[in-house]
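Peer 1: Read top to bottom, the protein sequences are chains P and X.
Residue 86 in the numbering used here sits at position 86 of the first sequence, with consecutive numbering throughout.
Residue 461 in the numbering used here sits at position 461 of the second sequence, with consecutive numbering throughout.
Because the hints were derived from the structure by calculation, they are not lab data.
Heads up, a few of these hints could be off.
Stated by the list, open to error - The calculated label-pair distances, taken between Cβ atoms and stated as ranges, are:
hint, chain 1, residue 1, chain 2, residue 2, range
1, P, I19, X, K380, 51 to 59 Å
2, X, Q618, P, P29, 40 to 48 Å
3, P, T218, X, K380, 33 to 41 Å
4, X, D89, P, I144, 19 to 27 Å
Glycine included, every Cβ here is placed at the ideal spot set by N, Cα and C.
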Amino acid sequence: MNLTLKIWRQKDASDKGKIVDYQIGNVSPDMSFLEMLDVLNSELITKGDEPVAFDHDCREGICGSCSLYINGEAHGPDRLVTTCQLHMRKFKDGDTIFIEPWRAKAFPVIKDLIVDRTAFDRIQHAGGFISVNTSGNTQDANAIPIEKADADKAFDAATCIGCGACVASCKNSSAMLFVSAKVSQFALLPQGQVEATDRVLNMVNQMDEEGFGNCTNTGACEVECPKGISLENIARMNREFLTAALKG
Amino acid sequence: MALDSKTPQGPLKDKWTNHKNKINLVNPANKRLIDVIIVGTGLAGGSAAATLAELGYNVKAFCFQDSPRRAHSIAAQGGINAAKNYQGDGDSTYRLFYDTVKGGDYRSREANVYRLAEVSANIIDQCVAQGVPFARDYGGLLDNRSFGGVLVSRTFYAKGQTGQQLLLGAYSAMNRQIGRGKIKMYNRHEMLDVVVVDGKARGIIARNLVTGEIERHSAHAVVLGTGGYGNVFFLSTNAMGSNVTAAWKAHKRGAYFANPCYTQIHPTCIPVSGDHQSKLTLMSESLRNDGRIWVPKHKKDVDAIRNKTLKPTALKEEDRDYYLERRYPAFGNLVPRDVASRAAKERCDAGFGVNATGEAVYLDFASAIERYGKEQAQVKHLDQNDAALVKKLGQEVVKNKYGNLFQMYEKIVDENPYETPMMIYPAVHYTMGGIWVDYNLQTTIPGLYAIGEANFSDHGANRLGASALMQGLADGYFVLPYTIGDYLSHDIRTGPISTQTKEFEAAENKVKSEIEHLVNNKGTKPVDYFHKRLGKIMWNKCGMARNEKELKQAIEEISALRAEFWKEVRIPGTANEFNEELAKAGRVADFLELGELFAKDALVREESAGGHFRDEYQTPEGEAMRRKEFQFVSAWEYKGEPKNAVLHKEALTYENIEVKERSYK
Numbered sequence: 001m002n003l004t005l006k007i008w009r010q011k012d013a014s015d016k017g018k019i020v021d022y023q024i025g026n027v028s029p030d031m032s033f034l035e036m037l038d039v040l041n042s043e044l045i046t047k048g049d050e051p052v053a054f055d056h057d058c059r060e061g062i063c064g065s066c067s068l069y070i071n072g073e074a075h076g077p078d079r080l081v082t083t084c085q086l087h088m089r090k091f092k093d094g095d096t097i098f099i100e101p102w103r104a105k106a107f108p109v110i111k112d113l114i115v116d117r118t119a120f121d122r123i124q125h126a127g128g129f130i131s132v133n134t135s136g137n138t139q140d141a142n143a144i145p146i147e148k149a150d151a152d153k154a155f156d157a158a159t160c161i162g163c164g165a166c167v168a169s170c171k172n173s174s175a176m177l178f179v180s181a182k183v184s185q186f187a188l189l190p191q192g193q194v195e196a197t198d199r200v201l202n203m204v205n206q207m208d209e210e211g212f213g214n215c216t217n218t219g220a221c222e223v224e225c226p227k228g229i230s231l232e233n234i235a236r237m238n239r240e241f242l243t244a245a246l247k248g
Numbered sequence: 001m002a003l004d005s006k007t008p009q010g011p012l013k014d015k016w017t018n019h020k021n022k023i024n025l026v027n028p029a030n031k032r033l034i035d036v037i038i039v040g041t042g043l044a045g046g047s048a049a050a051t052l053a054e055l056g057y058n059v060k061a062f063c064f065q066d067s068p069r070r071a072h073s074i075a076a077q078g079g080i081n082a083a084k085n086y087q088g089d090g091d092s093t094y095r096l097f098y099d100t101v102k103g104g105d106y107r108s109r110e111a112n113v114y115r116l117a118e119v120s121a122n123i124i125d126q127c128v129a130q131g132v133p134f135a136r137d138y139g140g141l142l143d144n145r146s147f148g149g150v151l152v153s154r155t156f157y158a159k160g161q162t163g164q165q166l167l168l169g170a171y172s173a174m175n176r177q178i179g180r181g182k183i184k185m186y187n188r189h190e191m192l193d194v195v196v197v198d199g200k201a202r203g204i205i206a207r208n209l210v211t212g213e214i215e216r217h218s219a220h221a222v223v224l225g226t227g228g229y230g231n232v233f234f235l236s237t238n239a240m241g242s243n244v245t246a247a248w249k250a251h252k253r254g255a256y257f258a259n260p261c262y263t264q265i266h267p268t269c270i271p272v273s274g275d276h277q278s279k280l281t282l283m284s285e286s287l288r289n290d291g292r293i294w295v296p297k298h299k300k301d302v303d304a305i306r307n308k309t310l311k312p313t314a315l316k317e318e319d320r321d322y323y324l325e326r327r328y329p330a331f332g333n334l335v336p337r338d339v340a341s342r343a344a345k346e347r348c349d350a351g352f353g354v355n356a357t358g359e360a361v362y363l364d365f366a367s368a369i370e371r372y373g374k375e376q377a378q379v380k381h382l383d384q385n386d387a388a389l390v391k392k393l394g395q396e397v398v399k400n401k402y403g404n405l406f407q408m409y410e411k412i413v414d415e416n417p418y419e420t421p422m423m424i425y426p427a428v429h430y431t432m433g434g435i436w437v438d439y440n441l442q443t444t445i446p447g448l449y450a451i452g453e454a455n456f457s458d459h460g461a462n463r464l465g466a467s468a469l470m471q472g473l474a475d476g477y478f479v480l481p482y483t484i485g486d487y488l489s490h491d492i493r494t495g496p497i498s499t500q501t502k503e504f505e506a507a508e509n510k511v512k513s514e515i516e517h518l519v520n521n522k523g524t525k526p527v528d529y530f531h532k533r534l535g536k537i538m539w540n541k542c543g544m545a546r547n548e549k550e551l552k553q554a555i556e557e558i559s560a561l562r563a564e565f566w567k568e569v570r571i572p573g574t575a576n577e578f579n580e581e582l583a584k585a586g587r588v589a590d591f592l593e594l595g596e597l598f599a600k601d602a603l604v605r606e607e608s609a610g611g612h613f614r615d616e617y618q619t620p621e622g623e624a625m626r627r628k629e630f631q632f633v634s635a636w637e638y639k640g641e642p643k644n645a646v647l648h649k650e651a652l653t654y655e656n657i658e659v660k661e662r663s664y665k
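Bound conformation, chain X alone:
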């Protein structure tokens, strides 16, 4: 099948408006006759569910958590971008568009990104109207901060809990519709297959995680807002339950999977402490507004710090290497995430890591504390030369901005980051790849849509900070509710979709037989044993730097591990009860397939772009080297085993932006 992005014709800035003006609408009375299933209740799924219900559709929403409020969007810390230009620093829709395309290393679709920038301002208006308590300044107006890869302040925030506040906003909008009966909410339910009838997505098979019952649910369209697949690495900043299952099942039913190798490794996470580790914790990128990243200049100081004979605070300024400021003077500590992560890896690989494992760099707030302290002393007419006073005043300012993050750090590491620099290291955080969608966010299965992190569309090969929240809410509040109407307008005479058909029966039987196999398997090892091994392969061979030899090894190793999993996994208990091991086993089984496709995609992409870095393709200074012949989206079609997947290419054309070397120097 040829890929058609369905990007509207006409000038970039008019595409979305013209498209909205021309697509079909559904009459309010007919919306009552149409059902929509939404899987996932994070920012994308939650906002879409609320908006579609407000429009009058009958929504059925599903989440595996015990409440929609617990979706992992809740953990997003730093902020949400919007081209409001409230700071008067030259921001505009075009600049947000430009920054996002450049930040994505020219691997995203122009028209999608422009639309994202266009609706970004509406998101802030909508959230404030819902009662989202964004940070404000003393004049009562909204405050902004800066994020990586941009030269303006366009990030709106609510301390280090922006994701929580935005998600609770979407959750409140959902609650209003649940109360009205327009959304039927299915908590503790996991989608295990998409049902396709006559070529169209018409429902899902879901497992009730409390009773174990397998249920059929039908609708006129199905929307996946099921997040990313970072947990294929086992250790990531994702929640324990975050998984690829819904997206992968859709892929197996015919939805192409795009750019699986584009993964964001976030530069500022708390380093791994031991084998018991179950997940990694992010320290928000917003900290790089005020924190300076460094390692010692000299190996002897590294050794002394590792032996704890030298405190980092005692190391003189001239003996420190602020390597981001050194290498990237224009953007300094606020370079994009892929660049910052690779730079940290480069220093640690060279032997300058500051903890026992050699995999940590410092994120230091001493200069910011002093700068803010002096400013406060000036404002309060106090002595700017009183170092103790300045430090105290500065710490208060830093606490107001990042208090919850500092507290999180202290609880995990047992060190006080107000007194000694934080130790950080890159960790898997976000996946730019995902289900391929066209301009309308529809997948290659008619009637199946993918929104938020679950799709591939807007971030190219690297996502800029504070853009995930923007994209999730843009898709759910302002894009999907229009585009899905165009599709549903053909369904006004269809009537309710029956679940008593051979397609539903076949899908249900398939799900049941897989579950039966897992619970009756006579293996000896828990699910985590396999998941951790998969994670090690992914991190070592498909992580921050990749090469042909190791990718080929990864493909073989993952394939062998998958075979071993199906033979050796042990699931206690039965299928007809609350059984977390069973749920985990199903998710890991899918990760074991996705992981192989991931490595295959990375192998085929013989260039470096954004989060995908191939050792063979770098500039003499060690920067990513893009290649013109790879200016396309890789969209994989399922053909049985991952090794048989077929590659389709969507060419990327840039008519409104000049493709050039991505420099932050």
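Chain P on its own, in the form it takes in the complex:
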């Protein structure tokens, strides 16, 4: 396949940035999207140009590093995949592909397609944990049976990879799906009950401080989430928040 790539290039956070056109040939349909970019970068370096910077690591859809906005969609046209799992067989010869970084006030661009997502970490510092020290004397793992349905739902929420596609897809740049996934995981487990009130208040407060927008129930986040995190989690977080706020 021969493709035209229109890629966002931005030297650093202070640079204005612009779209630059590149031509690439001999693209195999079995390549992953990132392998296609590897080939482009190899050509650029050989020519003496600077390669396109993008975040990536595991290349199997679990680390959450990769974060490209491809033809106006987070992680591109396929569903339930990250960019690294997107394969070129989803495109055809002669296509023009726009590649941009996540766009959100809370995710400033570091370089080219790389953004700073430490706002997500800071939300987790505010309450994304259960306060239990390591001791070797914790109670036996089977001491509290947990209904399978609840355990499964907690697991589904916990599969969030923190990539930020939800924020990038949301017209308000809201982080509600991300935050609610963690709140839900703990809300569904008995171990999470003790700190439930503080957790949801602190995490929501930090989310607001980071400059993420509000949720208006559009649902784009759920559609674009590579892990299929459900909107139900947002509803659950809203209930948790209301209960916590009333408790004061």
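Keeping the supplied structure of chain P fixed, place chain X upon it in accordance with the hints.
Peer 2: Using the frame of chain P, we list chain X on its own:
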């Protein structure tokens, strides 16, 4: 220097308890005066950082990723072992110990492995308390599955994302301490040297990967939880950024490097599809609970399958060779990884590989789908003879167990594994070798510790499935936090370590001059060009089977490639900015040194053991042939070029287990 493992005296089962009772502790008020640097935030580094901060130490943690949550432990799929015996199938601490020593082909340290088995149950308790959502059965209790090389079900799991859930547990424990200010987190930082002052590790030199700034960081002790070096093969199941740099820099400062040739080649990975390939993807060993591995019995069927004139599903049962079940009836498809990988290579080398390149075998779920489907039909009082219904019900069960793995496979290969068998082939996955450590996990540099995959200690010549997560968390949660206290108890009066010393300055200058050299080099070729060539040498000559002639060639070729790299590599951009090519170049430079030591270690080890298979040393049936005179750990001391490295031997003694032929028949 003579190697002293510092293994405590006394009966095996009492060693750890007695040791903990006797070592020095640090008073809570004094812990506040002590800094610890932890490099790497995977299961080992993350759990150690959280636990040391809970104890009261000031922790500085470093990772090259943009968040500690992205360390490559996150990609571990199948599970974590623990001797809980929840299934009542006869498991015990001793059995887990025995299986691990045998699985490692009698090349690991008895006392370390026993301690690992001992603390394994605590790990599960700790993780559940943190909110890790392990798989449960309908009674609400924890479920288990089986992994290779064992006859019990002791593996805890969270679908095919166990590593993710455990890492997020450790990450949450870290987050609590970051919020309290007890861990200072340095994301997008790469360690480029260890600073040794008066013979003790007292800090590191790190590069801020965003700004390019070279930074000095001091501490009373330094812990490396920096993972393995499988990416020396270029293609592996490791993440793109996984590297040996931290471990190698420590080696160059005096830490011995142990058993570099012990590499795990995992039997079930998605085969290579072309030259563009940047990494390989694992299909969890847990799939071998239900998947059956086979190739056609007859060459004519192989040809027909390769020409696509015959579908694998159409091949009759009697024309299939379930070669693991044939060769190893006792363990069948659940033999350990080294055995399964070699068996796949044997069939493919004999011409029975089922894809165009001849390097793939089938992993087939049809029998499992039928078995589960019939079971579900029985439970639901439906017709067990309705084949379509049974298939549908069976597929649902398989989807519940392995859904994400099947989806991953389909996305990469573009075939539906519920309908046609998966094609798989062995790929580099894990490195049992690593920095030599004593019983306290301390390296040969006082104050420098190595934990998790970065050290060599617990898996011998072959690691059993679901034991990497166990070891990473055992080291970080339950071993290091005790043993490091013994060392730090001598530092309560030391006060803060200054970075304004000649040792820090010398280390910083060394790092800077290497970087300057790389960015100013007038070469023409990208870093990957050299990395791929190194990978080919490693795979062809230091891979699943090795021999004297090829190992000697590999040593020469790697040495020549290293010289060419320093002359011909081109790094665009500057040192003072985000520059991924520069970061990659530094990592590949270290791989080019490690690769040569790896080949040298494999050459010296004139036996076959676990993942190290020498053509010259095999039984008439083609099994690995161990030799008594090689019952030792190879620990290499750095002396300039890898070819000058000096070998030290730590003899391995087995007092609680009988060393015998490792049979899975």
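Peer 1: Could you run down the list of hints and mark each one as holding or not?
Peer 2: Outcome of the hint check:
{"no.": "1", "hint": "P/I19 / X/K380: 51 to 59 Å", "in the structure": "holds (56 Å)"}
{"no.": "2", "hint": "X/Q618 / P/P29: 40 to 48 Å", "in the structure": "holds (41 Å)"}
{"no.": "3", "hint": "P/T218 / X/K380: 33 to 41 Å", "in the structure": "holds (39 Å)"}
{"no.": "4", "hint": "X/D89 / P/I144: 19 to 27 Å", "in the structure": "holds (23 Å)"}
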